[in-house]
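Engineer: So the protein sequences, as listed, match chains B and Z. If you count the first sequence from 1, you need to add 98 to reach our numbering. If you count the second sequence from 1, you need to add 2 to reach our numbering.
Derived by calculation from the structure, the hints in this document are not laboratory data. On a predicted model such as this, the values are computed, not experimentally measured, just so you know. There may be inaccurate statements among the hints.
[Unchecked claim] Result set (DSS-like, lysine-lysine): computed pairs, CA atoms no more than 25 angstroms apart in a straight line: (1) Lys166/Z <-> Lys4/Z; (2) Lys104/B <-> Lys315/Z; (3) Lys395/Z <-> Lys348/Z; (4) Lys391/Z <-> Lys219/B; (5) Lys423/Z <-> Lys4/Z; (6) Lys112/Z <-> Lys163/Z; (7) Lys250/B <-> Lys128/B; (8) Lys362/Z <-> Lys348/Z; (9) Lys395/Z <-> Lys315/Z; (10) Lys395/Z <-> Lys219/B; (11) Lys219/B <-> Lys315/Z; (12) Lys102/B <-> Lys128/B.
[Unchecked claim] Not the full set, but computed from the structure, chain Z residues with beta-carbon under 7 angstroms of chain B: (13) Tyr40; (14) Gly193; (15) His194; (16) Ala266; (17) Phe270; (18) Glu316.
[Stated by the list, open to error] Derived coverage of chain Z by chain B (criterion: at least 3 residues anywhere in the stretch with Cβ under 8 angstroms from a Cβ of chain B; other residues may be distant): (19) 286-292; (20) 317-325.
A virtual CB, placed ideally from N, CA and C, is assigned to each residue, including glycine.
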Amino acid sequence: MNLKCKDLLGLRELSEEEIMLILDTAFVMKNVLVSGNKKTAHLQGKSVVTLFYENSTRTRLSFEMASKFMGASSANISTTGSSVNKGENLADTAMTIDAMATDIIVMRHPVSGAPHYISDKVGASVVNAGDGMNEHPTQALLDMMTIIENKKSLSGLKVAIVGDIYHSRVARSNIWGMAKLGADVYIAGPSTMIPVGIEMTGAKICSNVQEACEGADIIMALRLQTERQKSSLFPSIQEYSRFFGVDDKVLSLARNDVMVMHPGPCNHGVEMTTSVYESDASYINEQVTNGVAVRMAVLYLLNSRRNAL
Amino acid sequence: MKLLIKNGYVVDPVNSVNGAADIYVNGNKISEPFLDPYDKIIDASGKYVFPGLIDAHCHLRDPGFEYREDIESGTRSAAKGGFTSVACMPNTRPVCDNAAVVEYIRSKAKRTGKCNVFPIGAVSKGQAGEELAEIGLMASEGIVAVSDDGSPVSNAGLMMKAMKYASDFGLTVISHCEDMSLADGGQMNEGHVSTMLGLRGIPAAAEEVMIARDILLSSYTGLPVHIAHISTKGSVDMIREAKRKGIRVTCETCPHYFTLTEEACIGFDPMAKVNPPLRTSDDVSAIIEGLFDGTIDMIVTDHAPHHSDEKNKEFALANNGIAGFETAFGLAFTYLVREEGMPVNKLISLMSVNPSDLLKLGRGELSIGSPADISIFDVDNEYVFDRNKASSKSRNTPFDGWKLYGQTYATIVGGNVTYDKFR
Chain B
99 MNLKCKDLLG LRELSEEEIM LILDTAFVMK NVLVSGNKKT AHLQGKSVVT LFYENSTRTR
159 LSFEMASKFM GASSANISTT GSSVNKGENL ADTAMTIDAM ATDIIVMRHP VSGAPHYISD
219 KVGASVVNAG DGMNEHPTQA LLDMMTIIEN KKSLSGLKVA IVGDIYHSRV ARSNIWGMAK
279 LGADVYIAGP STMIPVGIEM TGAKICSNVQ EACEGADIIM ALRLQTERQK SSLFPSIQEY
339 SRFFGVDDKV LSLARNDVMV MHPGPCNHGV EMTTSVYESD ASYINEQVTN GVAVRMAVLY
399 LLNSRRNAL
Chain Z
3 MKLLIKNGYV VDPVNSVNGA ADIYVNGNKI SEPFLDPYDK IIDASGKYVF PGLIDAHCHL
63 RDPGFEYRED IESGTRSAAK GGFTSVACMP NTRPVCDNAA VVEYIRSKAK RTGKCNVFPI
123 GAVSKGQAGE ELAEIGLMAS EGIVAVSDDG SPVSNAGLMM KAMKYASDFG LTVISHCEDM
183 SLADGGQMNE GHVSTMLGLR GIPAAAEEVM IARDILLSSY TGLPVHIAHI STKGSVDMIR
243 EAKRKGIRVT CETCPHYFTL TEEACIGFDP MAKVNPPLRT SDDVSAIIEG LFDGTIDMIV
303 TDHAPHHSDE KNKEFALANN GIAGFETAFG LAFTYLVREE GMPVNKLISL MSVNPSDLLK
363 LGRGELSIGS PADISIFDVD NEYVFDRNKA SSKSRNTPFD GWKLYGQTYA TIVGGNVTYD
423 KFR
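From just these sequences and the hints, can you work out the full model?
Structural biologist: Okay, here's the thing in structure tokens:
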């Protein structure tokens with residue numbers, strides 16, 4: 099089986115089978131990662147370019163490591179020190195990269211739909227590494243991988259996603275993906291950060307964080323995206339953490355074997371207390387490891403699809 | 003020019019004409035029947051003959067943005083769409099907020115235009131929403147209304163002063179209703195589609211809050227106000243209720259608000275980006291109902307040409323607007339007359355008679371002695387709209403490839419044929 103599309107733009111467009119194909123492949127890749135010899139030849143002779151218009155530590159590094167572990171030539175472009183600062187538009191930048199016989203372009207952009215916009219302008223496969231408030235598919239895939247690793251399946255699990263849903267591409271990708279794999283997603287946060295019509299996705303809106311986390315198998319706290327907030331959505335950080343943060347009391351409402359997750363980077367003491375971050379229930383570092391495996395799987399599958407054509 | 007338009011089916015609501023008739027033109031006026039010789043005879047067999055269509059809301063981009071459109075190309079596009087008169091909004095560069103710019107537009111239109119051009123002056127200097135523009139001096143040069151279209155008059159006090167002051171010159175304020183704090187940088191309608199796409203939403207309330215304000219100001223002052231491009235059910239409901247109470251509010255909508263929903267944005271297609279944004283199917287139904295029951299007085303194009311460099315880009319960064327002259331009648335005829343059963347004379351009231359009344363143009367009728375502004379349409383043969391064949395300089399339309407009924411056969415402005423397909 100292969101992925102249907104040349105690009106990975108979001109989980110909304112993927113079928114359950116495609117998501118499982120990526121996750122199953124990621125578990126194989128994880129074996130490579132932990133084997134001590136982090137080298138495969140899957141992408142030998144291929145080139146991967148990461149094009150990041152926003153800051154990133156985890157996502158960018160894990161894509162670069164994933165492509166290196168698999169033998170690809172990789173290069174990265176950041177918006178400082180490139181023609182982007184000379185005012186080059188996105189389409190021209192993407193086509194320039196494409197013209198250098200690039201196989202896969204990994205892009206992060208502050209505008210929703212930016213990877214969709216370039217996808218039909220380039221022959222390379224485009225991987226969305228986060229577009230505006232729309233999607234961050236590989237983050238959701240690594241979240242789901244981490245859950246399945248520990249819970250065997252997502253089916254029937256209660257997943258609480260807490261915080262700034264409005265600005266969160268991580269939340270959107272997880273809501274699409276988890277619904278396809280049979281989880282029940284509950285969301286909570288300040289009403290100013292709950293997007294209109296989110297219930298159409300199947301996610302259930304809770305009136306407070308406690309209600310969302312009660313009996314939860316998974317608690318996912320989202321980063322407060324101050325860079326995307328245009329106007330006052332809450333009065334102060336202190337008030338936010340008091341009412342919408344995850345602390346030990348909230349944690350105690352969940353199931354005993356609850357997994358606490360966070361896409362990072364975490365604002366300690368805001369989205370969750372440090373005690374929760376560091377508790378046994380926290381799987382935040384496992385998420386990071388799985389991030390590399392998932393990105394290896396995505397690059398591998400997109401490349402196999404290219405080879406099959 | 004001595005012209006005979008024969009064998010057409012004439013619809014002229016003002017004169018209650020709805021049937022086969024010949025139209026005679028002598029010079030620039032509609033004339034009593036007369037005998038040979040004619041300079042030209044147009045055989046309009048099987049065609050509809052209407053008083054020329056009038057667009058009360060468009061953007062010709064001239065002066066300042068001639069790379070998008072200019073008065074020559076814009077009026078050529080309008081004539082191709084069957085329009086004989088257009089009223090252009092003042093958001094040019096410089097802004098049309100003084101008599102000199104009004105004079106420039108009128109004289110260039112006279113020189114190069116393919117239809118009548120009636121400038122709309124700015125409400126405020128530089129459309130900045132702070133001080134009144136020289137409305138009286140602009141009126142002397144021929145503006146037909148005032149509006150800060152594109153930027154709302156956010157200050158209610160200034161809005162009321164504008165309504166009062168404009169009334170001294172017999173002008174109506176056309177209000178672009180958008181509460182900027184509610185729109186808050188939004189890119190499309192707020193709802194499940196914006197949430198699904200991760201795009202910032204513009205709630206219906208952003209439009210409705212300001213319409214409510216303007217209705218109250220009109221009620222308080224007893225002065226007319228005209229609401230531009232309404233797009234929501236709430237707007238239709240409020241204006242219907244205000245009219246029932248006798249408040250002097252009129253309004254307009256555009257073809258895209260009764261033919262498209264927010265779902266056109268799925269796939270991040272910037273051609274579907276317009277302000278106010280495309281709304282829901284409930285809103286579309288309400289707009290159609292408002293057109294039928296008289297709540298909505300007219301259909302305008304809001305023709306908003308943009309260069310492809312400004313439009314073919316990331317959705318959030320693309321300009322708002324649809325180039326609408328060449329699809330307006332086809333969309334209205336196809337979706338209101340053919341699909342919904344609107345009588346043709348009702349459509350002509352919406353696209354000619356009522357705009358003329360709002361702007362006091364003395365047109366919109368085929369009476370003896372009226373200006374010889376006439377539109378002839380073929381409504382029986384389906385055609386495919388091809389944006390690459392448009393006369394506008396711009397190509398920003400979501401209607402490319404649509405199959406429509408109602409193609410312009412000829413446009414006659416002041417007795418001169420400015421567009422024809424019969425040659």
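Engineer: I'd like to know which numbered hints this structure contradicts. Please list them from smallest to largest.
Structural biologist: 1, 3, 6, 13, 16 and 19
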